[in-house]
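Participant: Two chains, two separate frames, one set of hints: put the complex together.
Residue numbers (my numbering), protein chains in the order written: chain A, 802 to 1178; chain B, 136 to 244.
In case anyone wonders, no lab produced these hints; they're calculated from the structure.
The hints are all genuine.
With a Cα cut of at most 30 Å, we get these calculated DSS-like pairs of lysine-lysine:
1) LYS225/B - LYS1130/A
2) LYS222/B - LYS1130/A
3) LYS222/B - LYS1153/A
4) LYS222/B - LYS926/A
5) LYS161/B - LYS1153/A
6) LYS1153/A - LYS1125/A
7) LYS857/A - LYS811/A
8) LYS161/B - LYS811/A
9) LYS161/B - LYS1130/A
10) LYS990/A - LYS225/B
11) LYS857/A - LYS804/A
Ranges between beta-carbon positions, derived for each pair:
12) LYS954/A - TYR218/B: 27 to 35 Å
13) GLY1169/A - TRP138/B: 44 to 52 Å
14) VAL229/B - ASP860/A: 50 to 58 Å
One side of the interface only, derived from the structure: several residues of chain A facing chain B at Cβ under 8 Å:
15) ASN815
16) PHE816
17) ARG836
18) GLU901
19) ASP927
20) MET988
21) LYS990
22) ARG1019
23) LEU1020
24) VAL1093
25) PRO1133
26) ARG1143
27) LYS1149
28) PRO1154
Since the structure is predicted, the reported quantities are computational estimates derived from the model, not experimental observations.
No residue lacks a Cβ here, since even glycine has one placed at the ideal position from N, Cα and C.
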Amino acid sequence: MAKINYRRLKGSQNFRLRLLLATLSSTPVIIEDIRADDTLPGLRPHEISLLRLLEKVSDDCLIEINETGTKFKYKPGIVMGGRNLLHDCGISRSIGYFLEPLIVLGLFAKKPLSIRLKGITNDSKDPSVDTFRSTTLPMLKQFGVPSEGLDLKIESRGSPPLGGGEIVLSVPIVQSLTAVNWIDEGMVKRIRGVSFSTRVSVQFENAMIYAARGIFNRLLPDVHIFTDHKAGPQAGNSPGYGISLVAETTSGCFISADTTVSYARRDGIDLEDEEKNELMPPAEVGVQIASVLLQEIEQGGVVDSTHQGLLFLLCALCPQDVSKVRVGKLSPYGEETLRQIRDFLGVKFVIKPDTSTRTVMLKCVGSGLKNLSKKSS
Amino acid sequence: SKWKESLVERTLSRQNISLMQHVYGKPSSFSATPMNRNQDGGDGEESDGDEFFKPKGEGNKKSREGLDGTNFNSEDCSKFTNYGELKDWKEEEVYESIRNHFVTGDWSK
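With the rest of the complex left out, here is chain B (with noise of 0.2 Å):
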């Protein structure tokens, strides 16, 4: 019906957004500092008492995640294939699903 057309039209737009900024991250006018900074209060926090010395390795790990919430040193890879979430291409239903991507499938599409 056609309320729900302009609904369509609103998610799609704003879905277009979200991947922008999925990929380039958002605009500086709102940039992500509120949440890091709730972050790095709750930590300060914690660590007012006697904690002077702090294992390196923990204290980066939470600054890292900060940074685009991507690995510092991630690894260089350009394959990514997810072996956990196969799917078991034996069964009919499973299958049939993609047969429109094959020459066997349905054409008048």
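The following block holds chain A by itself, in its conformation from the complex (with noise of 0.2 Å):
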């Protein structure tokens, strides 16, 4: 047999990136120096649970990891989907965490892709399953894929530290992607939004709406926004409250902003948490997400700042025809995806500033990448 050629890379940055673009272009990578000098060196179990979830839909690859976890090797294998599939993503990191490399995996795999995943719904480092819902999953569609078979089901919530939320993701598989030429922002004509709480009074999330509300009001009539309040064993295992917001543009492009108020994690690995003990009251959270929302829709853009990277790479997973589009400013981790789809992939994008409208525009020629499992017919 030949000899794997490994690619080589360091620290545990983009990791999510890294692994994605590893299986999507099938290069295998010995990731070394993951915080090798931290006081507690080595993967994080979000990091692990990730390395498992890539095994569990995927055939053939293979993963091995050192004894103090700070060096690992990726042989990445066929991605094949299925039904029925299950993971616990563990409450290190949020669900939203897991679906944004696996909605595009979900695409190039062999086989539809449904997968129940347990862990926390919401909060505020990851997107939201409700902005997955509201904002990412129309993103797809912009690019060829099918809403048949496009579905995420929140069976229940779960707010950090404990989690114990449910949803089903399903993904329909591609041939290939379509090209886009989107630059049109439009202007927003709708806003709609989920306002959710676990374990709390619905009194929270009246007063969210109410002040959230209060910041749109002058500027637009239609907004609505709808409560999901849970209770029992629909709610998790920690009190939490939070609001996914989204603005609907006329062309058509979806911008978000969403967030959760949680207690904090005790497990002594996400310290510098900037959550105290002290919650934010919910009328502060609503005035203050609308805020984000309306500096979301002032930067411009066909998606919000969270978006640019999955619009990016989508981008360069084309087939080899000219996509162009538009974005505010570049967001570090939109940044850092360009950089990562250069490495793997080899697509360079063109970036020009917009000064008229304080925007960015990137064109690039996709990498002509085919999901060559599916049949053509």
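Facilitator: Here it is in structure tokens:
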């Protein structure tokens, strides 16, 4: 057997992007020096969980982790997908952390993916499951992903620190994506949203919604924010509340913002958490998240700052056609994504600032990735 | 006026390069090494003495800063919200400034 040529990388940065791109481009990787000098060295529980998830959805992949977890080897296999899979995401990061790479992987699987994920459904660090439903999934449709079979069901919610939520994600497969010319962000015609609460009174939601509406009312009458109060076993293990907003534009773009308020984790890993023991009052949360959404709208661009990475990734995975997109200010994660795309797929974007609207135009020729496992007939 | 146009054009093209450079780094012909070398040189002079043992954390901090300016083990997170920079959207001036991003704004443009 031929010797495998591993690409050597260092550090835990861009962990998900590296694994995702390694899988899609069938590049075996060795990642070393993962928090080697930390008091808690090595891979974090969520990173190991993500590796296990990769194992679960693919065939013939190889993962070897050293004793301290500071180095591992990953040889991608064939992404199989499949129905009725189950994965426990743990509680060190929310389900959103896993969804971001998983949806892209699912598109290029052999069989449509349907998987039940357990863990934290909403937290402040990753996009919430509500944002995935309202913004991320519609975004895929721009790239020719069919809407049948594309779904995310929230069966129960779980707030940090203890989680206890469950969702079911279904992703259809595609033969290839279609390149986009997506530069018109349009004008915001309506704002929708969902608030949620777990193990607290529904009054928290009403206060958040009232405060958020107060900000939007002067700009737009068409604002509806729904409540999703969970109680009993559907409310998970921890108290929490939060809100996810999405602005829909006349040209079919979705701009989102979300947040969650809950007690901080105490496992010593997330020590730098900004949340204190005092929780932010719901009225303040409402004002804050409405302001974040308006700031995202002000930036311009066809997606919000959180979705830039996914947008660039999808453009780079298109057939060898030119894709053109417009975003607001480049986000740090968006920039990292651009670099990783260049390293793994060899796709370089042409990045031009549009000074009149203070946005950024990006152009690229897709890498021509085809889902070889899907029959074309 | 006319003389301004060429200036604007030049700044635009320069910005274009800088944005590409910002993301992908400078082309190898003029790399960022001189800057780093200076920093290293400064370090060397100080640590010439009896600082034989260096705390591992400190030594690494410096070398890591050189690495594209980003942290080596930085957190993997797509969400980027700067809560510190939120404007007061209740102010009329502030919310009127984005009116044209909404259907309630001026359509003539």
